[in-house]
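S.K.: The chain contents come next:
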Amino acid sequence: MTTISIDRVSRWFGNVVAVNDISMRIGPGVTGLLGPNGAGKSTLIHMMSGFLPPSSGRVDIDGVPVWKNQQAYRQIGLVPEREAMYDFLTGHEFVLANAELHGLADPGAAARRALATVEMEYAQDRRVTTYSKGMKQRVKMASALVHDPSVLLLDEPFNGMDPRQRMHLMGLLRRFGADGRTVLFSSHILEEVEQLARHIEVVVAGRHAASGDFLKIRRLMTSRPHQYLVRSSDNRALAAALIADACTTGIEFDPREDALRIQAVDFYRFTELVPRVARAAGIRLLGVSPQDESLESVFSYLVTSA
Amino acid sequence: MNLTVARLTVRGLLGRRRGLLLLAVPALLLVLAVVIRATVGQDESTTVNVLGTLALGTLVPLLGLIAGTGAIGPEIDDGSIIYLLAKPLPRWKIITTKLLVSFGCTVAFGALPTYLAGVILFGDFGGVAVAYGIGALVAGAAYSAIFLLLGVVSRNAVVYGLLYSLVWESVIGGYVSGAKTLSVRQWALAVARKIADPGVVTSAVHLPTAVPLLVVVTLGASALAAVRLSRLTLANEQ
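Chain order of the listed sequences is W and H.
If you read the first sequence in the numbering used here, its first letter stands for residue 108, the second for the next number, and so on.
If you read the second sequence in the numbering used here, its first letter stands for residue 151, the second for the next number, and so on.
Simulated from the structure, these hints should not be mistaken for laboratory data.
All figures in this text were calculated on a predicted structure; none of them were measured in a lab.
A few of these clues could be false.
Claimed, not checked - Far from chain W, some chain H residues (derived; all Cβ distances over 12 angstroms):
| id | residue |
| --- | --- |
| 1 | L170 |
| 2 | R187 |
| 3 | V190 |
| 4 | D193 |
| 5 | T196 |
| 6 | N199 |
| 7 | S230 |
| 8 | D274 |
| 9 | N306 |
| 10 | L316 |
| 11 | Y325 |
| 12 | K330 |
| 13 | V365 |
Unchecked claim - Think about it this way: if two alpha-carbon atoms lie no more than 30 angstroms apart in a straight line, the pair counts; the simulated DSSO-like pairs of lysine-lysine are:
| id | chain 1 | residue 1 | chain 2 | residue 2 |
| --- | --- | --- | --- | --- |
| 14 | W | K243 | W | K323 |
| 15 | H | K243 | W | K243 |
| 16 | H | K330 | H | K344 |
| 17 | W | K175 | H | K243 |
Backbone N, C-alpha and C fix where the C-beta goes; we use that ideal spot for every residue, glycine too.
Let's have the full structure, built from the sequences with the hints guiding it.
M.R.: Put into structure tokens, the structure is as follows:
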């Protein structure tokens with residue numbers, strides 16, 4: 108059982124603050140590190156994996172600082188985001204080399220075991236250059252698992268994976284989490300994170316925006332005000348009908364677009380309400396489009412409400 | 151010394167077509183030596199010229215540059231070094247191993263061919279072949295350490311390395327004699343001068359200056375490389 112603790116950590120690069128006074132504890136099980144691109148997720152993972160010193164604060168694994176502490180790698184398995192690995196090796200040679208570098212007693216057996224875990228034995232004698240993105244990701248995984256670490260750090264592991272590979276990796280990570288390992292993965296896709304992690308840490312613009320159970324965060328995300336642009340055969344009648352329900356908080360008639368700008372607070376209820384109300388009033392819906400679905404707007408809402 | 155690091159480094163360095171390229175350079179030197187011997191005959195000043203300018207002055211620094219920066223630069227550039235660094239392995243061991251591999255390359259492709267070219271050109275007279283062979287050996291060690299350090303600290307290691315060996319050692323050293331005091335080539339020539347018969351090899355630096363400088367630069371560059379590697383960050387991926 109290993110705990111990563113991040114204590115009042117900031118990291119800046121020149122004038123740019125990448126991570127701003129973040130504190131979190133990551134314990135056994137699967138934790139998702141969620142945030143838009145450029146939020147500081149990679150910076151955090153680099154600090155947790157000892158490849159970047161915090162400008163201030165502490166990053167510890169079980170109470171021991173990670174920076175400049177090569178012994179920490181006995182506990183850490185790292186799956187970096189970048190794809191480059193020793194491409195001229197075969198998958199098996201690569202994982203074996205990693206096992207040897209860890210100084211394991213039986214690197215051959217460890218490499219075989221790790222390759223079996225990620226189900227890559229069938230292609231282990233092919234060169235890494237010939238692998239697809241998903242296969243590379245699995246071999247990287249095997250290299251990170253070869254020494255049976257108690258901490259697994261994965262930087263955007265699902266990037267570029269097809270749905271089947273994604274399912275497989277998710278299954279693996281779930282298993283490691285259930286085994287009592289501390290698994291942390293970063294992602295900028297909410298759906299990815301909520302499929303896998305009960306516990307979520309949200310980072311936005313270098314700040315710790317939210318932390319906790321994904322249901323709570325999901326609720327925060329769905330109850331935020333949404334903007335919709337709705338066109339119908341009778342905009343004014345529709346507006347009158349919609350404003351009667353508590354899930355709409357504001358409706359504006361936009362004569363240029365000849366459409367309604369609707370602000371709604373309950374995503375699920377609103378999406379169910381619009382067609383029901385329109386049908387009852389005999390109004391024909393011509394278009395319903397969400398206006399601010401960008402991830403950044405979702406996240407920035409979280410920051411202000413957290 | 152770590153055998154796995156050594157194996158990965160050798161395969162990275164000599165793999166693909168680079169191994170052949172590294173082999174082509176000394177092969178050219180040997181072919182040239184045979185041609186000169188056949189046309190000019192056994193001539194001391196020609197031998198000293200070829201070994202001093204071509205072998206020690208061009209071939210060895212070039213090899214040191216390719217092997218020294220190539221032993222670590224590409225891994226840092228593409229990020230695959232992370233697989234070496236994320237291990238409970240002291241960073242100085244990684245540097246020492248890579249230095250040995252690079253040095254081995256300069257011996258195999260630089261010092262040995264230099265010695266052989268000397269034998270072809272001038273036989274075993276006056277200790278010329280041995281002197282330049284040993285000179286190339288020590289120069290190879292120093293160049294490897296310097297260029298390995300450059301490979302760790304800079305993404306433009308090859309450019310800086312070329313500037314040093316071409317501009318500083320060759321051009322500036324040719325006009326400003328003081329620059330020769332800080333020239334690996336001159337230090338190596340001082341060693342060669344000591345080994346060869348008196349008056350055969352000339353060097354701008356004397357042995358008592360050259361040897362300490364060689365030792366300090368080689369060890370200092372290696373130590374600094376290890377320190378810099380242990381502080382390597384992945385910040386530039388942002």
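S.K.: Regarding the assertion that H/D274 does not contact chain W, is the least Cβ-Cβ distance greater than 12 angstroms?
M.R.: The claim holds: H/D274 sits with its nearest Cβ about 41 angstroms from chain W, beyond 12 angstroms.
S.K.: Find the nearest Cβ of chain W to the Cβ of H/L316 and say whether that gap is larger than 12 angstroms.
M.R.: H/L316 is indeed farther than 12 angstroms from all Cβ atoms of chain W, at 30 angstroms.
S.K.: Please check whether the beta-carbon of H/L170 is more than 12 angstroms away from every beta-carbon in chain W.
M.R.: Per Cβ check, H/L170 is outside 12 angstroms of chain W; nearest 15 angstroms; holds.
S.K.: Was H/K330 rightly flagged as not at the interface, with every chain W Cβ beyond 12 angstroms?
M.R.: 40 angstroms, holds
S.K.: Need the status of pair H/K243, W/K243: alpha-carbon distance at most 30 angstroms?
M.R.: Roughly 28 angstroms between the alpha carbons, so the hint for H/K243 and W/K243 holds.
S.K.: Taking the minimum C-beta separation from H/V190 to chain W, is that value above 12 angstroms?
M.R.: Answer for H/V190: holds, closest chain W Cβ roughly 43 angstroms.
S.K.: Taking 12 angstroms as the cut and beta carbons as the points, is H/S230 off the interface with chain W?
M.R.: Violated, because the least Cβ-Cβ distance between H/S230 and chain W comes to about 4 angstroms, which does not exceed 12 angstroms.
S.K.: With d taken as the least Cβ-Cβ distance between H/N306 and chain W, does d exceed 12 angstroms?
M.R.: Answer for H/N306: holds, closest chain W Cβ roughly 19 angstroms.
S.K.: Evaluate the condition: distance from the CB of H/Y325 to the nearest CB of chain W exceeds 12 angstroms.
M.R.: 40 angstroms, holds
S.K.: Taking the closest pair, is the beta carbon of H/D193 still more than 12 angstroms from chain W?
M.R.: 45 angstroms, holds
S.K.: Hey, does H/T196 actually stay past 12 angstroms from chain W on C-beta?
M.R.: H/T196 is indeed farther than 12 angstroms from all Cβ atoms of chain W, at 42 angstroms.
S.K.: Check whether the Cα positions of W/K243 and W/K323 lie no farther apart than 30 angstroms.
M.R.: 35 angstroms, violated
Of the hints listed earlier, those the structure fails to meet are numbers 7 and 14, in rising order.
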